[in-house]
Amino acid sequence: NAGVMQNPRHLVRRRGQEARLRCSPMKGHSHVYWYRQLPEEGLKFMVYLQKENIIDESGMPKERFSAEFPKEGPSILRIQQVVRGDSAAYFCASSLRTSGGTGELFFGEGSRLTVL
Amino acid sequence: AQSVTQLDSQVPVFEEAPVELRCNYSSSVSVYLFWYVQYPNQGLQLLLKYLSGSTLVKGINGFEAEFNKSQTSFHLRKPSVHISDTAEYFCAVSAAGTALIFGKGTTLSVSS
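Residue numbers (the working numbering), protein chains in the order written: chain A, 1 to 116; chain B, 1001 to 1112.
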């Protein structure tokens, strides 16, 4: 039973380039969450999506960041014109139901973005 | 809105000693509480969760936590730790319809 799959595991970009991070949820899961982890800051919620819908994007920066979860295919977190401050580990999680209930979040191993 | 405070950023202990990792939360509504563990370069794994019912919750790897509503706490405990318990531990809170909010984490370092 495959878990949450994230790729790439490591990504290096130069300032001004675009970064695309992909997340395939666990089989049967229709809820996807993206978190960003910076050293000594824990995990910061970014966005919560269901298939073809953004449910909560209150943690997403207003500019340069976007996320989608299409009907077919993985969820994608896109960062345009990356800056050094975007360097972080980005974690995707999925659940059967909304996490505000009995739904446990299952995490991927993260994508580590380094901006040079 | 909910928030979580993990009171200790680092906890060093010796093998076979007991440990308690502290977590306090704030919320104006009923919450669900979780502890996750993260091993180096890996994702997070659920240790245990409190949804309702008994305030003492038992999880994997011998960990347990107690929900204390009056003190708004959900401290994690283990009576005897192993070297393999060295990891980062995150307390998290959610309410109905909201995403999980995590604390900043506590690094547990177990030495022999």
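Since the hints were derived computationally from the structure, they do not count as laboratory data.
One or more hints might be untrue.
Where chain B lies over chain A, by a calculated footprint (3+ residues, C-beta under 8 angstroms) [unchecked claim]:
1) 30-43
2) 70-82
Label pairs and their computed distance ranges (CB to CB) [stated by the list, open to error]:
3) GLU68/A x ASN1041/B: 24 to 34 angstroms
4) ASN7/A x LEU1007/B: 14 to 24 angstroms
5) LEU116/A x THR1072/B: 18 to 28 angstroms
6) GLU68/A x GLU1016/B: 41 to 51 angstroms
Ideal placement from N, C-alpha and C gives every residue a C-beta, glycine not left out.
To see whether the hints hold, each was checked on the structure:
Given as covered by chain B, the stretch 30-43 of chain A passes the check, having 6 residues with a CB less than 8 angstroms from a CB of that chain where 3 are the minimum. Counting residues of the stretch 70-82 of chain A whose C-beta lies closer than 8 angstroms to any C-beta of chain B gives 0; at least three are required, and the coverage claim is violated. For the hinted restraint 24 to 34 angstroms between GLU68/A and ASN1041/B, the CB-CB distance of approximately 27 angstroms keeps it satisfied. A hinted range of 14 to 24 angstroms for the beta carbons of ASN7/A and LEU1007/B is inconsistent with their spacing of about 36 angstroms.
For the pair LEU116/A and THR1072/B, the supplied restraint of 18 to 28 angstroms is violated, since their beta-carbon distance comes to about 43 angstroms. Between GLU68/A and GLU1016/B the Cβ separation comes to about 49 angstroms, which falls inside the hinted range of 41 to 51 angstroms.
In summary, the structure is inconsistent with hints 2, 4, 5 from the numbered list given earlier, while agreeing with the others.
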